[in-house]
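**Student:** Start from chain F and add chain E according to the hints.
Taken in sequence, the protein lines are chains F and E.
Numbering of the first sequence is given in my numbering, commencing with residue 1 and proceeding in unit increments.
Numbering of the second sequence is given in my numbering, commencing with residue 1 and proceeding in unit increments.
These are calculated hints, taken from the structure and not from any lab test.
Treat the numbers as computed from the prediction; the structure is a model and nothing was measured.
Even for Gly, the Cβ is constructed at its ideal location relative to N, Cα and C.
Be aware that one or more of the hints could be misleading.
Some chain F residues near chain E, calculated using beta-carbon distances under 7 Å [stated by the list, open to error]:
1. P43
2. I146
3. M149
4. V276
5. F281
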Amino acid sequence: MSVVTEAPDRRRSRPAPGAPARSVPEPLWRRRDRRWALVFLAPQMLGLLVFLVGPLGFAIVLSFMKWDGLGDATWVGLDNFRAQLTDPYFGRAVWNTVKIGLITVPGGLVVALLLALALHGVRGRTAYRVIYFLPVVTSSVAVSVIWQMILGSGTDGILNGTVHDLFGITLPNWLEDPTWVVPAIAAVTVWSSLGLNVVIFLAGLATIPTSLLEAAKIDGAGPWQTLRSVILPMLSPTVFFTVVVSVISSFQAFDLIYVLVNPDHNEGAQTIVYKVYQQGFREFHFGLSSAAALILLLLTLIVTAVQFKAQKRFVHYES
Amino acid sequence: MNHRKQILLHAALALGGLLMLFPFIWMMLASFKGVHQMINEPLAWLPGPWRPQNYPDVLGEVALGRAYWNSMYIAAVTVAATLFTGAMAAYAFARIPFRGSGPLFGLLLATQMVPAQVTIVPLYIMLARFQLIDSHLALILPAVANPFAVFLLRQFIRAVPVELEDAARIDGAGRWTIFWRIILPNIRPGLWTLGIIVFLASWNSYFFPLVFLNTPDLFTVPLLLDSFSSQRGGVDYGLTAALSAMTVVPMLIAFLVGQRKILNSMASSGLGGR
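In isolation and in its complexed conformation, chain F is listed as follows:
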């Protein structure tokens, strides 16, 4: 560690070639301080280099190679990306990933916002807050195992069977039917992450000054108008933040889908992340798997960039 921390330090204190020599020598404490900065930074920065930045670079290199981890690696250029983008299964996985995001993000956030508005200022809201938050602290594996038992096995399943007995309606076979599996995943996802968004929105609502709300009332604004012209603009930074985070996490969702549905047997539940896992750790196509992962990264970056562009129009920051 000492080698790493001292080497750049010495280089920095040397004047750049062509730069005028310093007339005043640097104070000793400042030089010592720089050394301290390196000491404080070293553990995290080394960790990030070894476990994040290095592997990212490695993933980029791997995506241009054909390698099964045992034999020789061969350079194949863009073949892996070409293979993914022309593979209908991968296309399906991309579409499923986007579809899950398109249902869970707006659906989850609207429900959470309505709940937060209802809870804000209601007596006894702590109890509701706690109840709605329970699924968030529960592991996604446990959540999936429970829901699997509730949603599973057609009309023998507890939910479908009960609905059938009570109303005579036959509900779809949620976890096996390729067209209904995405809505089922989305519903469980919304259920399990609702509490977190409610708590974040409640915290955002608490920062709106009551004087603003009173002023709106005095000006004769109804509840709808207050929501549109006071609450939503004031809450927009929080909403923006949760939208970005929700989109990113919906693209990376794995645990819940994998345990709830087992995408091995249901194409309708195969997402990009599932492809990364399947091609990497089932088929040992490290190159293909890395290419899939990089396509996911690219998709994330594009969507986030679009959101930051949109932020300028919709998000209101107090100056």
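**Tutor:** Below, chain E without anything else, positioned relative to chain F:
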């Protein structure tokens, strides 16, 4: 708000609450059902004869205590190491001027965008080289490198008055003493927030243990539950429900005890750039 509206609102909220609780209630009921009842009356909501025997039965089949210990100490080590090294880096970014501080911090924020799935194949290859696959270190080490931790704690450190630090410096304290005696005690809420987030993430983690662990003795709680339910879930869900109940209920109790702290932590982390 008038009285009638209040009642309607509470009715709607309670109904929603019941919907949130329903899977947990159903899990508890199912954990007392026997195979016999499931075959004869699959749609019964209440256990026919209550069968508490499911609990000892499933405990005889899987090493739940072992998995609990594994998950607990992995989470504890991850939290301690993340808080300590994260606070150190955050202090350097917040208070020690050095060349390249801004760009380096920008780079750190950018790495947050990289999904874990992008690095998992290279990480696997790397850890295999170090002979760390199928060991708990493979779960702990990568988790400690946490740009979010540095970002969050830096926010908290920036809120600590500089005057405190200056006063300590006049008294002859060095950087390390200031960090240890002034900064850390003053960012306790931040450490709690981060500690809870990191603990939950480690405790509930599934993807990394799934890829990195093979030996059942090393399994964490979620991995154990998953492997049991995928083998036996369809056959005897009374046992699976009993096992899920035993993995879920202790966490729910811990949450109920510390709910104020946990909810506030989540709320403040959610506001991120505040």
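**Student:** Now tell me if each hint is right for this structure.
**Tutor:** Consistency of the hints with the structure:
The beta carbon of P43 of chain F is positioned within 7 Å of a beta carbon in chain E (closest approach about 4 Å), and the interface hint is therefore held. Annotation: interface hint on I146 of chain F holds; nearest CB of chain E at approximately 5 Å, less than 7 Å. Given the 7 Å rule on beta carbons, the hint for M149 of chain F holds: about 5 Å separates it from the nearest Cβ of chain E. Proximity of V276 of chain F to chain E holds as hinted, the smallest CB-CB distance being about 5 Å (cut-off 7 Å).
With its C-beta approaching chain E no nearer than about 6 Å, F281 of chain F sits inside the 7 Å limit, and its interface hint holds.
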